[in-house]
Structure formats: structure tokens, C-alpha cells
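Sequence lines, in order, name chains U and Z.
Per the working numbering, the first sequence starts with residue 1, numbered consecutively.
Per the working numbering, the second sequence starts with residue 1, numbered consecutively.
Hints were generated in silico from the structure; no laboratory data involved.
A couple of the hints might just be wrong.
Unchecked claim - Derived coverage of chain Z by chain U (criterion: at least 3 residues anywhere in the stretch with Cβ under 8 Å from a Cβ of chain U; other residues may be distant):
| hint | stretch |
| --- | --- |
| 1 | 46-59 |
| 2 | 163-171 |
| 3 | 183-197 |
| 4 | 220-229 |
Where is the CB? At the ideal position from N, CA and C, for every residue including glycine.
Listed below, chain by chain, are the residues.
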Amino acid sequence: MKQFLLKMWSHCVRLTTRWPSIASIVPFIPVVAAWWIVTELQIFPRAFLPGPAEVVRSFGALVYMGILPAYLQDSIVRLAVGAFWGVALGIPLGILVGLNQRARTALWPLLLFFQAIGDIAWLPILVIWFGYGLTTITVVIVYTVIFPVVLNTVLGVRSIPITLHRAAQSLGASRIRMLWEVVLPGALPNIVTGLRNGLGYGWRALIATEIIVGTSGIGFLMFDARRSGSVVEILLGMIILGILWYIVDSWILAPIERATGQRWGLVTR
Amino acid sequence: MMLRRLSSAFWFGAPFMVLLILWAVFIPYFEVNPRLFPHLSSVIQAGIEGIQDGTLIQHIGASLLRVAVGTVLALLIAIPLGIAMGVSPMISSFLTPLFRFFSVLAGIAWIPIATLWFGYGFGAITFVIFNAVFFIVTYNTLLGVSTIPLQVRNAAASLGAGRWAMLTEVLLPGALPNIVTGIRTGLGFAWRGLIAAEMIATNVGLGYMLFVARDFYRTEVIVLGMIVIGVLWLLLDRLVLAPIERATIERWGMVQRA
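Next comes chain Z alone, as it looks inside the complex (with noise of 0.2 Å):
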């Protein structure tokens, strides 16, 4: 069991250890010039730099504290909004068109405005990734309570459930695995959204990171971005949003789509 875990995990890092050899020798010996693409050594310098000076940390720490304050207020108002609307198969009909639009519209499209609202900085991003979340999640958990099949609520209701009982362990169970596909694509939107707004509309985070260093040339500081940027949504998916849909969607059985 063991010696399988080590050879899968061998076997996923294989891959990336000859793309870093690759490139560790390709780079020096065509002599490709480091303002297009930068060494290896060059970026492993630049992260080192990064830590101890403490920048990379900031930037690192400023992205992921404005991505964790944006989802979760959209979280906290958009599951009970999409529940209260979803219950009556009348309200959640009516307004499934108008949430569907401002999904669709979620995330990038609204910096310009965010940024003439808020002004350049802490909450025009904030913002951004609010929206982003916030209709995704509230289209999805409308989704999520109507398609609970009327009869599951009208058994529950004559077996006597009251309206906490009915919200606890009906409403919410049904809607949990739309819910988590919701806040799975809201956060994915939020993130580009998050760095596409950073290089627009700040001074400090990981999209800014990357744009300054663009001013000068510093593909070394580029690259070592784009690494960041790669594991930590890696490590937020995997360490995340993996087991809560595990918990949610494998315990309640409900993969299939309607």
C-alpha cells in the first residue's frame, strides 16, 4: 500500500522533473537571451530572494487574504438567498434568467466599474471576487433546492418536519452537491478574475508581481509568479475543494445530473 502510494506519487513527479532537466539544459545551451525566457538557476534565485526579503510572502499573503474575504462574504449571503428563493418553484422559475445572466457576466467584465466605484486598490478586487462567487453560488443553490424532487419535501413535511427541520435536512442536503459544483466554478472564475484585477488595480499581490516585473524585463520573476500561481490553486483544489466535494457529493450520492 505504501510502496503503491510512493510509486504513483514518483510517477506524478516524474514528469515535471524532466521538464525541469529540459530546461535546466536547453536554456544555456541554445543561449536563449534571459529577458525572453530566464534560467532556472536565475528563478530558484529569485524565490530565494523573494522569501527572505519577505516580498513574495506579502504578494502571496495580500492575493490569497483578499481571495478568502471576498468568498467567503458571497458564500454567507448567496447560500441562504438561493435557498429562500428556491423554495417556491414560482420566485426560483421567475428569477433563474436574470441570476444566469449576471453568472454569465461574473468576474472580469466587472473591473472597470469596480475600479471607478472603489477606486484602485483593496476593495475593487475584493469586489471583483465577491461577484465572481456570489451570483455563480446563488444560480447554483437555486438550482440545487428545485430540482429536490416535490415528493421528498411533501414526505417530509407530512411526516411532520418543521420549517429549521425541513431547511437542515432537506433543502440544504439536496442542494449541497450544486452548491459545491457552484463555489468549485465561482472560485475558478474569482481566481483569474483576481489576478487579472491585480495587474490593473493594485500595488501589492501576485498579478501585480508579475506585470511590474513585465516593465522590466525580469522573465525570472515572471515565471517564478506563474509557478506560484500554478501550485497554490493546485494545492486550494486538491487540498480544498477536492474533499468537501468528496464529502458532499460521494456521501449523498448524486453525481448523476438531472
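In isolation and in its complexed conformation, chain U is listed as follows (with noise of 0.2 Å):
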């Protein structure tokens, strides 16, 4: 037995070191494993919690009968389209914040309080305004992602050197080049570390708009599964959720901020 673990985790050293991306595969092997074998002996009921296999069936049913791609386009759409408003128009409002004292006093405390509501607890309000509908589910998602990037875009611009400042006036910067080549620089690694937090709410934010609004989306798949009792459907959107924020957050976000960080050498927090 303890020949045959040492062997397998040999090979799985070995096949890791070769591919480094599938090192962050093999520890789902012995989950989904687990998670077979639990099923498998009836420990809980079946319509508590279904079986890898049956998730899978779903899976290729769902994408067959084309839900499961239009839902997941739905809701992808609605994030990007969230976080591209909430990006357009928190960098500036952070430059503004970061920049002006008078701005500082007066939008500070309003943005440390606004951000402390939260996206959710707007929902209800919104949805008397706007109905059941788009609109209100990009207005949370834009609220969400806005706070934590324009609060890093202030870090950012307050956390760059005066002597920078004084350095670019005094060899003659206008002040758009300022803006254009010592500002917004500067503050670029928080801006993205701003932006992976935004996400990283705005996500979480969007499934809840999605199950308490929806109308379609991962979010609704989940709760409309959950209605009629299907945790199949459940688990699998789950899971969707899960590999897709992975794949978001790991391979596009991450590298970004690292690319930011690293070039212009500021990760000081």
C-alpha cells in the first residue's frame, strides 16, 4: 500500500514539475474522488447530493439543450459590462479624490460610507426604481466594482512620491502630461489590485442579483434548480462558477497585477 501511494505521488511530482498547470488540477483528483465514493455508498440521500457523474450528465444536457451557454454568456456580459463602467468611472473619481484636497474632505467619508451599505442591500430599493431587469443588476454590479477601485486609485496617487511630483514640474510637465506619465502610473498597480477586489465582490454580487432578480444567468440556473429540487443543477453551476472565476482571477487578473507591479516596482501596500 504504502509502496503503491509513494509510486503514484512520484509520478504526480514528476508529471507537475514537467507541466506546471496541471499541478493545480491533480488535488481536485482525490475531492472528486471522495466525493464519488461518498455517493456511491449512499451515505446521504441521492437528492441530497448527487454523484460526479450525474453532475456531468447535466453538464452535457444543459449544453446540448443550449441553456447553459446562453446562460453563461449572460452573466458574463453582465460583469464586464458592469466592471467596465465601474472601472471608467471610478479612475478618475480616485484621480480626483487622490489629487485635491478639497475633493478629499468632501467625497472621503461619503465614499468610506456608501462602500459599507453594500451592493446587496441596494437590490430592494433598485428594484422598486427599476423594475425586475438589466438595469438594475448592472447598477449593483457598477456600485460594487467602483468602491475598492476608486479607494485603491486614491492609495495609489497619495502613495506616489512628492519628489516625483516635483521632479516632473520642474523639468516642465503640463499637467496633462503629469497626469498621463507620473500619476497615472504610479497608481496603476493599486488601480489593478482595486480592480481584482471590485471583481472578486462584483462576482459574488451578480449571483446574488442573479438568484434574487434574475431572469436568466449561472445565478438564476441555481436558484430555479434549487425551486424545483434539482440539486444537480445546483452543484454543476456551482462548479461553473467556481472554474470560471479561477480562470479569471488566476490567469487574466493575476497576471495583470503582477505585470503592473512588478514593471513599475510599487507593491508596497
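Both chains are given apart, each in its own frame, so use the hints to dock them into the complex.
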């Protein structure tokens, strides 16, 4: 037994050193195996915890019917639109608050407070204002993404050493060039961190909104399945959400963060 | 000194005063339908009524109790588990993707299945909070322990530190900044998860208060609830999380990230 395990382990190590990307998949094999064994032994009733095979089958069925691709597309488009507006509004606001003392006195406490209210608490009143629809969902996501972006941009702008400002100024940089060549690059690592946090929250807000408001999307798929008591589809939804966010976070956001942080070498918080 | 603190408090409060005055003046002036946005006076009245008949206190109490129970349970399990797994570099590098995956899922995504497993009520909501905090704190503890330089551990071991001394004087302090960061992120997700779960799965709590008020177009109760949620989170942040962060991260001077 021990020999067998050791052999497996050595295979695993060899494989992961050759293709490092496999390393993040290997740990899931025992988990899925354990899940499969638990369901096969019928420790919990099938209706409570279906096995991996059923989830895969329902994945096939939903893809075949075209529901899953359509819902997935809806969710991703909503998140992308929300993130775009969150960034487009958040960065200018953050730079304004970071650079201007008066704007900071006026807006900083408000920003802290409205950030504390949290996205989901806005849902009931947004539903009254905009009804059950796309506007409500978009507003919630923009609201969620914008605060981490603004707060981190302010932090980034404020952390640029004053000597850099002075150097650029005494070399005769105009205000626009200051913005473009000193402030923005200096704040960029923080902005990206903010975007990453914001998307992390926005992602969850999207799911919650789709559950409560939704007419389509992965969150809606899960809650619809919950209403009809189909655990298979709930589990499927969770797995898809996890994989999707894992991909977005570790293949898109983390590399951007690393690239900006390393290039400008300003990872100090 | 006293004067400076007073003036900074004033400048912190001033924008809110301006906002409240604008609210009190403009909403009646433009005759906004109270079904769309409430008057300031009716929100204040709803607050007073809620305190007098005890419903507001009851909702707040229920929400806070759920957060406290879920968080404490999660921390009691997550920190020892994270440290135990982080001690061996092999195990920690093996398990990191797993916990990363689950901390990505943590919180709201569990609501549908939690309500199915535990039914609507205390169990489901506490479960959602528990796993929002649990996975993120475990992941961060794991990360924290595995970033402690091996020389530090070797130095402690060669100076004759026993297992207990190693734990309390090397591993725990070394991982503490990460643990605190984890708690903060986890609580942020848990708080949102709480509100969302209460909207869906219960009959008492702040989220429920908001969502029921929506059915009757009682915007003054909704706005009151939003203000209460904001204030509670600010208090939690300032009075609980920030002091812990100051005490740990600044004390051990590990604000730089690896």
C-alpha cells in the first residue's frame, strides 16, 4: 500500500514539474474521488448529494439544449459591462479625490459610508426604481466594482512620492503630461489591485442579484434548480462558477497585477 | 490635540450633514413620490418606531448573532487547520489550489444548496457565513505559514524550541498578518452573503426587513435598513477589525507583501 502511494506520488511530482499547470488540477482528483465514493456508499440520500457522474450528465444535457451557453454568456456580459463602467467612472473619481484636497474632504467620508452599505442592500430599492431587469443588475455590479477601484486609486495616487511630482514639474511637464506620465502609472498597481478586489465582490453580487432579480444567468440557473429541488444543477452551477472565476482570476487578473506591480515596482501598500 | 481631533471629526461629519440637508430640502421640494424615495422625516420616524416596538432591535440582533456564530465557528476550525497544513511545504503546495478554488466559491454561491440542505432559517444562513469565512481564512493561514522563511523556523528549532514554542512563537505570529487579512476579506464576503441570504431564506434579520418592505413599497424602511447596514459595517470595521489589524500587522511590521 505504502509502496503504491509513494509510486503515485513520484509520478505526480514528475508530472507537475514537467507541466506546472497540471499542479493546480491534481489536488482535485482525490476530492472528486471522495465525493464519488460518498455518493456510491449512499451515506446521504441521492436527492441531497448526487454523484459526479450525474453532474457531468446534466452538464451535457444543458449544453445540448443550449441553456448553459446562453446563461453563461448572459452572466459574463453583465459582469464585463459592469466592470467596464466601474473602472471608467472609478479611476477618474479616484484620481480627483487623490489629487484634490478639497474633493477629498468632501467625498472621502461619503465614499467610506456608501462602500459600507454594500451592493446587495441596494437591491430592494433598485428593484422599486428600475424593476426586475438588466438595469438593476448593471447598477448593482457597477456599484460593487467602483468602490474598491476608487479607494485603491486614491491610495495609489497618494503613495506616489512627492519628489516625483516635483521632478516632473521642474522638468516642465504640463498638467496632462503629469497625469499621464506620473500619476496614472504610479497608481496603476493599486488600481489593478482594486479592480481585482472589485471584481471579486462584483462576481458575488452578480450571483446574488441573479438569484433575487434574475431572469437568466448562472445564479438564476442555480436558484431555479433549487426551486424544483434539483441538486444536480445547483452543484453544476457552483462548479462552473468556481472554474470560471478561477480562470478569470488566475489567468487574467493575477498576471496583469503581477505585470504592473513588477514593471513599476511599487507593490508596497 | 483635543482641538485637532474635534476639527477632524467635524470635517468627517460635514459631508454627511450636507447630504442630509440636501435630502431634507430637495425631496419635498420636487415632490418626489414617497414610494420612490422617502422623506428624511419619515425615515427618522420609521427608525423611532422600530426602536420603540423592538422590531428593529430584533432584526439587528438576529443578523449580528448569525454573523458572530458563523464567524467564531469558522475561525476555531480554520486557523488550527491552516497552520497544521501549512507546516509541511509539500502538503501546503498540494492543497493550495483546492482551497483557492473553494475560497473563490465562498459565500453567496452556497445559498441555494445551503437552503436545500438546512431548510430556510438559522442553519442555512449560519452555514453561508461559516464557509465564507472558513475557506478564506484557511487559505490565508496556509499562505501565511508557508511564507515564513525556513531559516526562521530552522533557527528556532536549533535553539531548542519545542513544538509548542514553535507554534506560539514562530508559526502563529508569522502567519498572523495573513490571518487577519483573511478574516477581513472573509467577513466582508460574509456580511454581503448574510444580507443576500436573509433576503431569500428567513423571516427575521436586516436583509429580510429590507426585502419585505419592498413588497409594500415602504421605501422609508428600506432606506433606514440601508443606513443601519452601513453604520453597523463601519462600526465593525473601525471597532473590531482595524484595532486587530493595527495590533498585529503593525506590531510585527510585515506590511510589505511577499
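Each hint tested on the structure:
Requiring three or more residues with a Cβ within less than 8 Å of a Cβ of chain U, the coverage given for the stretch 46-59 of chain Z is violated, as only 0 such residues are present. As drawn, the stretch 163-171 of chain Z meets chain U at 0 residues by the rule of a beta-carbon pair under 8 Å; below three, the given contact is violated. Three residues within the 8 Å Cβ limit are the bar, and the stretch 183-197 of chain Z against chain U gives 7, so the coverage statement holds. Note: the stretch 220-229 of chain Z has 6 residues with beta-carbon separation from chain U under 8 Å; the three-residue rule is met and the coverage holds.
Violated hints for the displayed structure, listed by number in ascending order: 1, 2.
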